[in-house]
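Participant: Work the whole structure out from these sequences, hints included.
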Amino acid sequence: MTQLLKQAFAEASKLSEQAQDTIAKMLLAELASDKYSCENYTSTSANS
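Residue numbers (this note's numbering): 223 to 270.
I should point out that these hints are in silico values taken from the structure, not numbers from a laboratory. Each hint should be verified, as a subset may be incorrect.
Stated by the list, open to error - List time: in silico DSS-like cross-link candidates among lysine-lysine, alpha-carbon distance up to 30 Å:
{"id": "1", "residue 1": "228", "residue 2": "247"}
{"id": "2", "residue 1": "257", "residue 2": "247"}
{"id": "3", "residue 1": "236", "residue 2": "247"}
{"id": "4", "residue 1": "228", "residue 2": "257"}
Computed from a prediction, not measured in an experiment: that's the story for all the values here.
Facilitator: This is the structure we're talking about:
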């Protein structure tokens, strides 16, 4: 796991259980989406 993802999960862990579940559902839905493409995220985030 990357440091950035660890940081995101650490921040999310400070939220309420309901908020954590909402974030988890959003992330899982995005990962399962037909539109999801690692290459798209990698190329755009590398320039950030």
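Participant: Which of the listed hints are not met by the structure?
Facilitator: none
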